[in-house]
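Visitor: Letter by letter, the chains look like this.
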Amino acid sequence: MVFSSIVFLYLYLPITLIVYFITPARLRNIWLFIVNLIFYGWGEPVYIILMLISILLNYVVGIYVGKYREEKNRTARRILTVNIILNVALLVFFKYFDFLIESLAVIPVFSELKPLGIALPIGISFYTFQAMSYPIDVYRGETKYQKSFLKFGTYVALFPQLIAGPIVRYTDVAKSLEERNIDATRIAKGIRRFVIGLGKKVLLANNIGQLWDVYHSMSPEQLTVTGAWLGAIAFTFQIYFDFSGYSDMAIGLGEMLGFTFLENFNYPYISKSITEFWRRWHISLSSWFKDYVYIPLGGNRKGWKRQIINILIVWSITGLWHGASWNFLLWGLYYGILLMVEKLFFYEKLKKAPAWFAHTYAMVLVIVGWMIFAIEDIRELMTYLGIMLGMGGADFISSQAMYYLKNYFFVLIVLVLASLPIGKNIYSKIKEPVKIVFEPLAIALVLIVCTAYLVDSTYNPFLYFRF
Amino acid sequence: MRRKSDSIQILIFVWMVVGFMAAIFVIEDKTFSEQENRVLADMPKYSNESLKNGELMKEIEVYLTDQFPLRDTWIGLKSRMERFSGKTENNNVFFAKDDVLIKRFEVANETLIEKNINAINKLVESTDIPVYFSLIPGAVSIWEEKLPANAQNRNQKEMIDTLYSKVNCKTVDNYSALENHKDEYIFYKTDHHWTALGAYYGYTALADTLGFEPKKIDDYNKETVSEEFLGTVYSSSGVRWVEPDTMSKYVSEEGKKVEIIVGDNSREGVFYDYDKLKVKDKYAFYFGGNTALLKISSDSGNEKSLLIIRDSYSDSEIPFLTEHFDEIYMMDLRYYKFGVPYFLEQTKVDAIIINYSLDNFCEDGNVVMVGN
Numbered sequence: 001m002v003f004s005s006i007v008f009l010y011l012y013l014p015i016t017l018i019v020y021f022i023t024p025a026r027l028r029n030i031w032l033f034i035v036n037l038i039f040y041g042w043g044e045p046v047y048i049i050l051m052l053i054s055i056l057l058n059y060v061v062g063i064y065v066g067k068y069r070e071e072k073n074r075t076a077r078r079i080l081t082v083n084i085i086l087n088v089a090l091l092v093f094f095k096y097f098d099f100l101i102e103s104l105a106v107i108p109v110f111s112e113l114k115p116l117g118i119a120l121p122i123g124i125s126f127y128t129f130q131a132m133s134y135p136i137d138v139y140r141g142e143t144k145y146q147k148s149f150l151k152f153g154t155y156v157a158l159f160p161q162l163i164a165g166p167i168v169r170y171t172d173v174a175k176s177l178e179e180r181n182i183d184a185t186r187i188a189k190g191i192r193r194f195v196i197g198l199g200k201k202v203l204l205a206n207n208i209g210q211l212w213d214v215y216h217s218m219s220p221e222q223l224t225v226t227g228a229w230l231g232a233i234a235f236t237f238q239i240y241f242d243f244s245g246y247s248d249m250a251i252g253l254g255e256m257l258g259f260t261f262l263e264n265f266n267y268p269y270i271s272k273s274i275t276e277f278w279r280r281w282h283i284s285l286s287s288w289f290k291d292y293v294y295i296p297l298g299g300n301r302k303g304w305k306r307q308i309i310n311i312l313i314v315w316s317i318t319g320l321w322h323g324a325s326w327n328f329l330l331w332g333l334y335y336g337i338l339l340m341v342e343k344l345f346f347y348e349k350l351k352k353a354p355a356w357f358a359h360t361y362a363m364v365l366v367i368v369g370w371m372i373f374a375i376e377d378i379r380e381l382m383t384y385l386g387i388m389l390g391m392g393g394a395d396f397i398s399s400q401a402m403y404y405l406k407n408y409f410f411v412l413i414v415l416v417l418a419s420l421p422i423g424k425n426i427y428s429k430i431k432e433p434v435k436i437v438f439e440p441l442a443i444a445l446v447l448i449v450c451t452a453y454l455v456d457s458t459y460n461p462f463l464y465f466r467f
Numbered sequence: 001m002r003r004k005s006d007s008i009q010i011l012i013f014v015w016m017v018v019g020f021m022a023a024i025f026v027i028e029d030k031t032f033s034e035q036e037n038r039v040l041a042d043m044p045k046y047s048n049e050s051l052k053n054g055e056l057m058k059e060i061e062v063y064l065t066d067q068f069p070l071r072d073t074w075i076g077l078k079s080r081m082e083r084f085s086g087k088t089e090n091n092n093v094f095f096a097k098d099d100v101l102i103k104r105f106e107v108a109n110e111t112l113i114e115k116n117i118n119a120i121n122k123l124v125e126s127t128d129i130p131v132y133f134s135l136i137p138g139a140v141s142i143w144e145e146k147l148p149a150n151a152q153n154r155n156q157k158e159m160i161d162t163l164y165s166k167v168n169c170k171t172v173d174n175y176s177a178l179e180n181h182k183d184e185y186i187f188y189k190t191d192h193h194w195t196a197l198g199a200y201y202g203y204t205a206l207a208d209t210l211g212f213e214p215k216k217i218d219d220y221n222k223e224t225v226s227e228e229f230l231g232t233v234y235s236s237s238g239v240r241w242v243e244p245d246t247m248s249k250y251v252s253e254e255g256k257k258v259e260i261i262v263g264d265n266s267r268e269g270v271f272y273d274y275d276k277l278k279v280k281d282k283y284a285f286y287f288g289g290n291t292a293l294l295k296i297s298s299d300s301g302n303e304k305s306l307l308i309i310r311d312s313y314s315d316s317e318i319p320f321l322t323e324h325f326d327e328i329y330m331m332d333l334r335y336y337k338f339g340v341p342y343f344l345e346q347t348k349v350d351a352i353i354i355n356y357s358l359d360n361f362c363e364d365g366n367v368v369m370v371g372n
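Keeping their order, the protein sequence lines are chains A and B. All the letters of the first sequence, read from the start, carry residue numbers 1 to 467 under the working numbering. All the letters of the second sequence, read from the start, carry residue numbers 1 to 372 under the working numbering.
Because the hints were derived from the structure by calculation, they are not lab data. Note that beta-carbon positions come from the ideal geometry of N, C-alpha and C, so glycine has one too. Be aware that a few hints might be false.
Example chain A residues on the side facing chain B (calculated, C-beta under 8 Å, incomplete) [claimed, not checked]:
#1 Leu-13
#2 His-282
#3 Tyr-403
#4 Phe-409
#5 Lys-435
#6 Ile-436
#7 Pro-440
#8 Ile-443
#9 Ala-444
#10 Ala-452
#11 Tyr-453
#12 Asp-456
All chains, full assembly: derive it from the sequences and hints.
Guide: Given below as structure tokens:
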């Protein structure tokens, strides 16, 4: 199920919340566990089993590691290692098996191999990471092990962040699994956050996404320099508002239910360097990789040669984590190399550079990066990037680019403003009595307009009679 | 700190989501949507099978959206929001000047067009009867000046010229005929068809090619039959702020006999179907809508007969032709499945006109039946 749908907003959510709040506090985890499974199984019921296996595996290993981490440290460590391998194996099989087969088939010896056509289980990349980091935390002594299967299951499958993050650490919610303080202030805050996220997704991301669709499917002869940039900027906004909107909705829903999730985005597009961008973008993912991959590999403690290798490893995996395709690997390496070069040569200089220069530098590289992310076919990607750089004799602008620029002008202005902390600053200056009236109305308005767009997306006139 | 706005916030939100949910289930289900011209989903039935393969969930989603309260109001709100945000189109329909709604013209399938053209040439080769090919442009090109600046479309004029150059038969210049009168009410503002007046100009172009003298527009007794026509582009655009169209008839139905031919039998059809003016799809007023094969007999003083292979644009044009030909056959290849050669073996005609809107000609896979 996705949040931005009529079925979630007007069936799942009201029922989930109503039952949740009339249930006595000690039984709420049971209800949460049930609705989590319904949420997850909505599209692909069979994969519930896969998630349950993942939960059970890490639950059992968590208990064992927790009990024996001191007296039988070596055994616990070995079991932990096996568990990591099993988790990764599950993820690799369901997410990357076909990709590996197709890639290997290029080599004559393997040309007989056929892909299995496995449908990617929704959210597997997210919940696998959540589930497998828990026994590691237990081993490291950062948390006690969880005795209750129900509570652990509730954590892994918690519907707000189940399919698109943020990646929540067990340590961050361990207390909330036992006891949750819920009051009107928190619920209202959660509602506001959720509806704002919904608006980001439905009104901003989907809207500008249509512009990217136009340029993504355009043949290279029709592209112009301006058009290619317009398309790239459209995708840059689409992915941010889509993803951060989803995180907002997750954080808001968590708040309504009594969980606090850490922030996942912090105005990434105001960054003045690539290093800063990755501190502001998908924070839960980069910190996960730092804590569970980069540092265990030795980080920067084993000399600069080893550090370079570590950075390349981490960014290759980060790239591939986003999808089973070569362009994602390329995208990861692109950032790995950029970060290294930046750190080695000019990070300090960049700090002293004029703000407009640093912003432009960072955003141009980010936008180019998103094209590597969005265009799967490497040859198409090269053509598109070439046109952005004015190569291949493409015109600078055409009536077609003018048309789309005009149609999306207002939306683009809104997107720029929404990417900046302006709204937040204005909000903090509004006086309380004004807020009492203004706030609930604004939120209701956003919800109404979102509903109009969601209903419209199912508007399907049967125009056979148009003949 | 507890704030008053928090409770208000929670109440409004909860009332909205719970209220709409309740409304979906409490309000009696609608079975048919006129705007969308389709049957709406009804309450899904549970079965273990449908739960296991996920069908049930899909059905629930469709049910909720189909039965969502005030469905059409939301559609209208969305198109208004799009216009408000500076968009000049919605759901592939342009907001043109003078509150005219015009669908974008694109070509999805080039090979289909190639096949259609080949089928026409096959027919021309296989018969001695003269064949005329007539493509009708839409408002998207004739009323191009009304479109938003720089609106992106395939060029219809170029396309018609190219297609005409590929066929080995005479062609009809509807384009110039319509273009010369583009300031008149020749296309509907809310529908993709031409008006009866537009069809009149098409008829003069046809007369030019076939070589007969068309009647003057002033010779007809024009009658307004409806002022409440909201057509297909109105439906698909989601736009709800435009005025309805006016429909007219020029030619009198007196002395015209319409037969619906099914195999060797026939039953009576209608020249003008006044009942259709009461429903949403009012364009079916002309000849009652699509039929596989219609025969219109009249006493025009010219004993010649015509076969018109048609789409619905012909329906408002053929009344003008009935005053020049005693017998006209209207064939709809989407329903007539025997193919044109078979028809020609059974029935003698003096000329064949393939009369299509460019839009439909590029999309209809049944045109190949012309040659088979």
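Visitor: Against which earlier hints does the structure fall short, listed by number upward?
Guide: 2
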